[in-house]
Amino acid sequence: KQEVTQIPAALSVPEGENLVLNCSFTDSAIYNLQWFRQDPGKGLTSLLLIQSSQREQTSGRLNASLDKSSGRSTLYIAASQPGDSATYLCAVRPIQGAQKLVFGQGTRLTINP
Amino acid sequence: DTGVSQNPRHKITKRGQNVTFRCDPISEHNRLYWYRQTLGQGPEFLTYFQNEAQLEKSRLLSDRFSAERPKGSFSTLEIQRTEQGDSAMYLCASSPTQNSPLHFGNGTRLTVT
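Protein sequences, first through last, are from chains A and B. Heads up: the first sequence begins at 42 in our numbering, then just goes up one per residue. Heads up: the second sequence begins at 57 in our numbering, then just goes up one per residue.
Bound conformation, chain A alone (with noise of 0.2 angstroms):
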C-alpha cells in the first residue's frame, strides 16, 4: 500500500530565505508526484507536476525534483515571502488504483516578515 510522509509537519522561517520541502512516498511505481498548495479554508492549488519520466519540474520560484528510485521528491522554494504561506502538499499517482491520488499530511509553512 503507497503511503505518503511529508516532514517537518510545520515550518517557520523569515521573509527571503530559500527553503525546502521534502516528500517520501514507498512505492516507486507512480505515474506522476503532484504539490500543491492550500491555504486555510480553501481548496487545494496545484503547483507543479512531475511525471515518473521526469526529474524535475520549475516554475517561477518554486522547482521541484523526483527521484523516484529512492522515492524522495522536494520542493524548493527560492526567496520565499510572506504570502507564501500555507500548507504544501504532495501527491502521488500509483500505477496500481492509478484514479486516486495518494497524499501526504502536509507541510504548514510559515513565512515571518
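Quick caveat, the hints were computed from the structure, so don't treat them as lab data. Computed from a predicted structure; not experimentally measured. C-beta: ideal position from N, C-alpha, C; glycine also. Honestly, I wouldn't trust all of these hints.
Unchecked claim - Simulated DEER-style distance windows between Cβ atoms:
#1 140(B) with 140(A): 22 to 32 angstroms
#2 46(A) with 113(B): 18 to 28 angstroms
#3 58(A) with 137(B): 47 to 57 angstroms
#4 102(A) with 74(B): 21 to 31 angstroms
#5 153(A) with 137(B): 44 to 54 angstroms
#6 128(B) with 49(A): 39 to 49 angstroms
#7 111(A) with 74(B): 16 to 26 angstroms
Given the structure of chain A, go ahead and fit chain B onto it with the hints provided.
Below, chain B without anything else, positioned relative to chain A:
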C-alpha cells in the same frame, strides 16, 4: 476556465439528517473526483467518474454515501443519516486526462452536530 465550483461552501446539519453537495467541474474535463479531508490531514480519495460512469469507489464510501454524475457534467455527493464522524471538508476535483494536474474546488465544509 472558470475553475471547479462547489456548493454550498458550508453546511451545518444535525446528526441523522441527509445532505447533498454539488460540484461543477471545468467544462472540458471528463474526469471528476471526490475527496474528503479532515483537519491536519491530506485529502482521502472517495470516488471517481469518467464522464457519467462511476468507475471507482473507496472503501471509505459507506452505504450512506452516494455520488452521481448525470450526463457527465456536474456531480452530486449525498450523505444519508449523517454522523458526527462525517464532519470534514469535501473536495471535488477534475482533470482532462489521467496524467494532467487535478484542479480542485474550494470544498464544502460539513459540520454534523
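### Message
Holds or violated: the 22 to 32 angstroms window for the beta-carbon distance between residue 140(B) and residue 140(A)?
### Response
29 angstroms, holds
### Task
Look at the Cβ atoms of residue 153(A) and residue 137(B) and judge whether their distance stays inside 44 to 54 angstroms.
Given a distance of about 46 angstroms, which is inside 44 to 54 angstroms, the answer is holds.
### Message
Given a hint of 47 to 57 angstroms, does the C-beta separation of residue 58(A) and residue 137(B) actually sit inside it?
### Response
For residue 58(A) and residue 137(B) the Cβ distance comes to about 50 angstroms; the hint holds.
### Query
Between residue 46(A) and residue 113(B), does the C-beta distance stay in 18 to 28 angstroms?
Taking Cβ atoms as reference, residue 46(A) and residue 113(B) lie about 26 angstroms apart, which means the hint holds.
### Message
Holds or violated: the 21 to 31 angstroms window for the beta-carbon distance between residue 102(A) and residue 74(B)?
### Response
Violated - the Cβ-Cβ distance for residue 102(A) and residue 74(B), about 46 angstroms, lies outside 21 to 31 angstroms.
### C-beta pair residue 111(A), residue 74(B): status relative to the range 16 to 26 angstroms that was hinted
Check failed, 47 angstroms falls outside 16 to 26 angstroms.
### Query
residue 128(B) and residue 49(A), beta-carbon distance inside 39 to 49 angstroms?
42 angstroms, holds
The earlier numbered hints that this structure contradicts are 4, 7.
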